[in-house]
Amino acid sequence: MSQLASTPGTARQPLTARLARWRRTPVFYPLIGFIVVFFAMAMINDNFLTSSNLANLARQASIIAIIAVGMSLAILTGGIDLSVGPVMALSGTIMAGLMVAGVPPVLAIILGLLVGAAFGAFNGVFVAFAGMPPIIVTLATMGIARGLGLIYTGGYPISGLPPEFAFFGRGTLAGIEMPILIMIAVYALGYVLLGHTATGRYLYAIGGNEEATRLSGIRVSRYKLLVYTLSGTTAAIAGLILTSRLMSGQPNAGVGFELDAIAAVVLGGAAITGGRGMILGTLVGAMLLGVLNNGLNLMGVSPYLQNVIKGLIILLAIYISRKRAL
Amino acid sequence: MTPLLSLRHISKSFPGVKALQDVSLDVHAGEVHALLGENGAGKSTLMKVLCGIYRQDEGDIVVDGQARDFHGYQDALDAGIGIIFQEFSLIPDLDAVDNIFLGREKRNRLGLRDRAGMIREARRLFDRLNVSIPLDLPIAELSIADQQFIEIAKALSLDARLLVLDEPTATLTPSEADHLFTIMRELRQQGVGMVFISHHMEEIFTICDRVTVMRDGEKVDDCDTHATTPDDLIEKMVGRRVENIFPDYRCDADHDDIVLDIQALRLEADGPDHSLKLRRGEILGFAGLVGSGRTELARGLIGATRPVHASVRIEGQPVKLRHPAAALKHGIGLLPESRKTQGLILPFSCRDNISLNNLTQFQGSLPLLRRRQESRTTADLMAAVRVKAPGPETPVGDLSGGNQQKVVIARWLGHQCKVLIFDEPTRGIDVGAKAEIYALMKELTAQGVSIIMISSELPEVLGLCDRAAVFYQGRIAAELEGSALDSQSIMHHATGGLSS
Numbered sequence: 011m012s013q014l015a016s017t018p019g020t021a022r023q024p025l026t027a028r029l030a031r032w033r034r035t036p037v038f039y040p041l042i043g044f045i046v047v048f049f050a051m052a053m054i055n056d057n058f059l060t061s062s063n064l065a066n067l068a069r070q071a072s073i074i075a076i077i078a079v080g081m082s083l084a085i086l087t088g089g090i091d092l093s094v095g096p097v098m099a100l101s102g103t104i105m106a107g108l109m110v111a112g113v114p115p116v117l118a119i120i121l122g123l124l125v126g127a128a129f130g131a132f133n134g135v136f137v138a139f140a141g142m143p144p145i146i147v148t149l150a151t152m153g154i155a156r157g158l159g160l161i162y163t164g165g166y167p168i169s170g171l172p173p174e175f176a177f178f179g180r181g182t183l184a185g186i187e188m189p190i191l192i193m194i195a196v197y198a199l200g201y202v203l204l205g206h207t208a209t210g211r212y213l214y215a216i217g218g219n220e221e222a223t224r225l226s227g228i229r230v231s232r233y234k235l236l237v238y239t240l241s242g243t244t245a246a247i248a249g250l251i252l253t254s255r256l257m258s259g260q261p262n263a264g265v266g267f268e269l270d271a272i273a274a275v276v277l278g279g280a281a282i283t284g285g286r287g288m289i290l291g292t293l294v295g296a297m298l299l300g301v302l303n304n305g306l307n308l309m310g311v312s313p314y315l316q317n318v319i320k321g322l323i324i325l326l327a328i329y330i331s332r333k334r335a336l
Numbered sequence: 005m006t007p008l009l010s011l012r013h014i015s016k017s018f019p020g021v022k023a024l025q026d027v028s029l030d031v032h033a034g035e036v037h038a039l040l041g042e043n044g045a046g047k048s049t050l051m052k053v054l055c056g057i058y059r060q061d062e063g064d065i066v067v068d069g070q071a072r073d074f075h076g077y078q079d080a081l082d083a084g085i086g087i088i089f090q091e092f093s094l095i096p097d098l099d100a101v102d103n104i105f106l107g108r109e110k111r112n113r114l115g116l117r118d119r120a121g122m123i124r125e126a127r128r129l130f131d132r133l134n135v136s137i138p139l140d141l142p143i144a145e146l147s148i149a150d151q152q153f154i155e156i157a158k159a160l161s162l163d164a165r166l167l168v169l170d171e172p173t174a175t176l177t178p179s180e181a182d183h184l185f186t187i188m189r190e191l192r193q194q195g196v197g198m199v200f201i202s203h204h205m206e207e208i209f210t211i212c213d214r215v216t217v218m219r220d221g222e223k224v225d226d227c228d229t230h231a232t233t234p235d236d237l238i239e240k241m242v243g244r245r246v247e248n249i250f251p252d253y254r255c256d257a258d259h260d261d262i263v264l265d266i267q268a269l270r271l272e273a274d275g276p277d278h279s280l281k282l283r284r285g286e287i288l289g290f291a292g293l294v295g296s297g298r299t300e301l302a303r304g305l306i307g308a309t310r311p312v313h314a315s316v317r318i319e320g321q322p323v324k325l326r327h328p329a330a331a332l333k334h335g336i337g338l339l340p341e342s343r344k345t346q347g348l349i350l351p352f353s354c355r356d357n358i359s360l361n362n363l364t365q366f367q368g369s370l371p372l373l374r375r376r377q378e379s380r381t382t383a384d385l386m387a388a389v390r391v392k393a394p395g396p397e398t399p400v401g402d403l404s405g406g407n408q409q410k411v412v413i414a415r416w417l418g419h420q421c422k423v424l425i426f427d428e429p430t431r432g433i434d435v436g437a438k439a440e441i442y443a444l445m446k447e448l449t450a451q452g453v454s455i456i457m458i459s460s461e462l463p464e465v466l467g468l469c470d471r472a473a474v475f476y477q478g479r480i481a482a483e484l485e486g487s488a489l490d491s492q493s494i495m496h497h498a499t500g501g502l503s504s
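Residue numbers (the numbering used here), protein chains in the order written: chain A, 11 to 336; chain B, 5 to 504.
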C-alpha cells in the first residue's frame, strides 16, 4: 500500500514492486515482444546480429519511426493522421524543387518543413475547430497532399540536387548515421514533450476524457491543433531524410506509410482509442517492425508472405493488449 | 377481483443500501396506477424488479393470481409485462414497422421478410391506439411522442397486459402529453393495467385512478386519487426523515456582497433570459426535477455550451466567459454531474487528475514540469479534502464514488476560485461520504467561496442551502429563502405550481 504512495527517489523499492510498476507501463509487453522477435531473428540468421546489419535496420526503420512520433500524438488524443505519407512526399519534393531552383539547401529544408507543419495545421483546424472526425479529415487531405505533390512535380521525380544535401540521408556524425541521429533527436523531444510538460499531460487527458478535460478549463482545441501540426512536421522531417537518401524528390513516395506508422504506435502498446501509450513504446513498435522486415528479408521470405506474417503479428499484439486492458 | 399484478412484500438490498423494504403494490386490469416518490425513493428499483432486471431478496411477484419467478427481462415480457423506459430501445435509422418487429420479423413461405404482413399488423396496432404514424420513415425523423407511441405499440404487439411508463411525459410537450393520455384512456378501456411514474401532480390527477407513494425504499401509502390532494401527496412524499448529516452552521452572507451577477443569460434563441445573483460565501441551491434546465444554465454560464446572449458580472466587473478556461481564469469552476464521463480522466492517477488544471503552477522558466513539487502539492490537496486512497499514484477508477468526488473537488482548490458549481455532488455516494462532502462545501464557504449546488434531493437542498432557485421547464420558477425555503414550496414550484 505505502509502496504505491512513495514518490520516485524517496526510497528504494523492493525488486518485485519495481517490476510490478514496470509491468503496468504500456511499453512492458511490446518490449518483451521485441526482445523475443529480436533473438529469434538472431538465432535464425547468422547475418542478423552484425553491426552493419543492425545499423542498416535502424536506418531503414527510422523514416517510419519518425512519422510514428506525430502519429503517437494524434492517436494519444483519440485521433489519427492518415495524411502523413503524402505530406512526407509533398514536403520532400518541395525541398528538392527549391534546391534545384537555386534556393540554398538550409532555406529549402526549412521551407519544406514549414510546408509539412502548415499542412498539419490545416488538418488540425478541421479537427479542432470544425469538430470533424480526424479519420475523415485526414482521409480527405491525404488525397489533397498527394495531388499537390504531383501537380508541383508534374508527376516526375526531381533530381539533380546539390551533393551536400546527401548529408541528411547518407552522412554520419560522430560515427552514427544521420537518419538514426535525427530519429533519436525526434524521440528525445517527443519524450520530453509527453513526459515532462503540461502540454503532454493535456494530450493524455484529452485522449482519456476530452469532455472532462475541457470542463476543467483546458483549451482542448488549441492542443488538438498543435498535435496535427506536429504530426505534419514529423512527416516533413521523414521527407527530408528520404529525399536526401534518394537524392531526388519523389512525389509518389510514402504510399502506405500511414499504416506502418499506425502499426508501430499500436505495437508500442498505445490504445487506439487514446489516452494510453508512451513514446518509448512507439520506438519499440517501430523497431519491431524494422526487425521483422529486415529479418524476413534475410531469411528470403517472399514479400507477399511477409505482409501476411506482419499482419498476423499486429493482430496478435492488439489481441494481447486488449485482453490486458479489460 | 384478482389483481392483474400483485407485488407482495418486496425487499431488495444492495451492498450497504436497503433499496426496497417490504413494498407491496396491486394493479388491476383497466387501472392506471401512479407511482410517486422523490429521486432515490426506490421507484426505479421496484420497476426493475418487476421487469426481471433485478432479482428481489424477498417477496413475490404475482401475475393473474400466479406467483412468477423472473430471471430476466424476457421472463417479464412472457408474463405480459411491457416497460416503456425513459430512454427508448428503438433503432433510430429503422422505420416504425422494422422497429416493432425487430428480432421477430414475420416471414413468408419463401423465408423472406413478409413486409406487407408486418405493415398490416402495425396498422392494426396503431388503429388500436388511434394514432397515425408514418410507417416508412426512419423513426429518428419522428417526434419524441411518436417514438413513444411506437414503443407502446411494440409492447402491445408482445401481448402486454401491463404497461409500465417510466416518466413518459418528461420529454413531451403538453399537447403531446394530452395525446398520450388519450391513448392511455383507450388502453384502460381495453383492460390494460398501467403503472405511471411521474413527478407532475397535474398529470397524476388527470389520468390516474390510484396512487402509491414511496419514500426511502418503503411504501408510505396508497389511495384512490379522488380521495387525496396534491398537498397531501407531497407531504407523504417528502415526509421528514431524521438524518443529521448536515453541518448545522449557516452563513449570514452579506446581502449586498454580490460575487456573481447573472444579469441576463439566454441559452436558446427563443428561451427566457435567466437572471440570478450569488452572494459571497453562500450556498445557493438549484432545485427542480431532472431535466428542468439547471445543468444547462450552469454549462451556459461557464461557456461549456455557447449561450445566445450573456451579460454576466463578477465582483461588479463585466466578464465574457466563452470557454471553461475563461471561467477558470475568472475563478468559476463546474464540478459536473457525471463524475466518470465528465469529471474524471479515468485512466489517470489521483495525482494526475488533481493536478490537471494546476499544471502551469509547476512550471519553471523552461516549460518543464517540476514533478516533485507537483507530487507534494497534490498530496496536500488530497489531504485537505481527505481522499482515502492508498496513495497519489492510485488509479482514480479504483476509488469509491465519494473519494472520486473529493478528487474532483481537490482539482479546484489549487485555484483562487470564487464560485464553484456542484452538479449533483452526492449522486451515487453513501451517507457517510455525503456528510464529508457537505462538510467540505461548508468549509469552502467559510473561506469565502460561493457555491451553487444543483441537486434533485430535497433534504440536501433544505439541509445545506442558504437559498434555493427552483427550476421548472427551463425557467427559474421561484427563488426561496429563509422561512419560505421548505420542501412543500420547493415541490410546489418544481412540479409546475399547481395550486392546492
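Just so you know, the hints here were simulated from the structure itself, not pulled from any lab data.
All C-beta atoms, glycine included, are put in the ideal place defined by N, C-alpha and C.
One should not assume that every hint holds.
Just some of the chain A residues that point at chain B, by a computed CB distance under 8 angstroms [claimed, not checked]:
{"hint": "1", "residue": "180"}
{"hint": "2", "residue": "215"}
{"hint": "3", "residue": "219"}
{"hint": "4", "residue": "223"}
Part of the chain B face toward chain A, derived, beta carbon under 10 angstroms [what the hints assert, rightly or not]:
{"hint": "5", "residue": "69"}
{"hint": "6", "residue": "178"}
{"hint": "7", "residue": "250"}
{"hint": "8", "residue": "306"}
{"hint": "9", "residue": "308"}
{"hint": "10", "residue": "319"}
{"hint": "11", "residue": "331"}
{"hint": "12", "residue": "338"}
{"hint": "13", "residue": "340"}
{"hint": "14", "residue": "347"}
{"hint": "15", "residue": "348"}
{"hint": "16", "residue": "349"}
{"hint": "17", "residue": "361"}
{"hint": "18", "residue": "366"}
{"hint": "19", "residue": "367"}
Right, here's what the structure says about each hint:
1. Because the closest C-beta pair between residue 180 of chain A and chain B is about 35 angstroms apart, greater than 8 angstroms, the hint is violated.
2. With a least beta-carbon distance of about 5 angstroms to chain B, the hint placing residue 215 of chain A at the interface is held under the 8 angstroms criterion.
3. The beta carbon of residue 219 of chain A comes within 5 angstroms of a beta carbon in chain B, closer than 8 angstroms, and the hint placing it at the interface holds.
4. A hinted interface residue such as residue 223 of chain A counts as satisfied when its beta carbon comes closer than 8 angstroms to some beta carbon of chain B; here the least separation is about 7 angstroms, so the hint holds.
5. Against a cut-off of 10 angstroms between C-beta atoms, the interface hint on residue 69 of chain B is violated, since the closest Cβ of chain A lies about 46 angstroms away.
6. Hint on residue 178 of chain B is violated. Least Cβ distance to chain A is approximately 33 angstroms, over the 10 angstroms limit.
7. Annotation: residue 250 of chain B was flagged as interfacial toward chain A, and the flag is violated, the nearest CB pair being 27 angstroms apart, outside 10 angstroms.
8. At its closest, the beta carbon of residue 306 of chain B sits 8 angstroms from a beta carbon of chain A; the interface hint therefore holds under the 10 angstroms criterion.
9. Taking 10 angstroms as the C-beta contact cut-off toward chain A, the hint placing residue 308 of chain B at the interface holds, the least distance being around 6 angstroms.
10. Hint status for residue 319 of chain B relative to chain A: violated, with the closest Cβ pair at about 19 angstroms, above 10 angstroms.
11. Given hint, residue 331 of chain B at the interface with chain A, holds; its Cβ is 7 angstroms from that chain's nearest Cβ, closer than 10 angstroms.
12. The beta carbon of residue 338 of chain B is positioned within 10 angstroms of a beta carbon in chain A (closest approach about 6 angstroms), and the interface hint is therefore held.
13. With its C-beta approaching chain A no nearer than about 6 angstroms, residue 340 of chain B sits inside the 10 angstroms limit, and its interface hint holds.
14. Because the smallest distance between the Cβ of residue 347 of chain B and any Cβ of chain A comes to about 6 angstroms, under 10 angstroms, the interface hint for this residue holds.
15. Evaluation of the residue 348 of chain B hint against chain A yields a held restraint, the C-beta minimum of about 6 angstroms falling below 10 angstroms.
16. Interface hint at residue 349 of chain B: satisfied, since its Cβ lies 4 angstroms from the closest Cβ of chain A, which is below the 10 angstroms cut-off.
17. Nearest Cβ of chain A to the Cβ of residue 361 of chain B: about 4 angstroms, under the 10 angstroms cut. The hint holds.
18. Interface restraint check: residue 366 of chain B against chain A, minimum CB-CB distance 8 angstroms, threshold 10 angstroms, status holds.
19. A distance limit of 10 angstroms between C-beta atoms decides the matter here; for residue 367 of chain B the minimum to chain A is near 6 angstroms, and the interface restraint holds.
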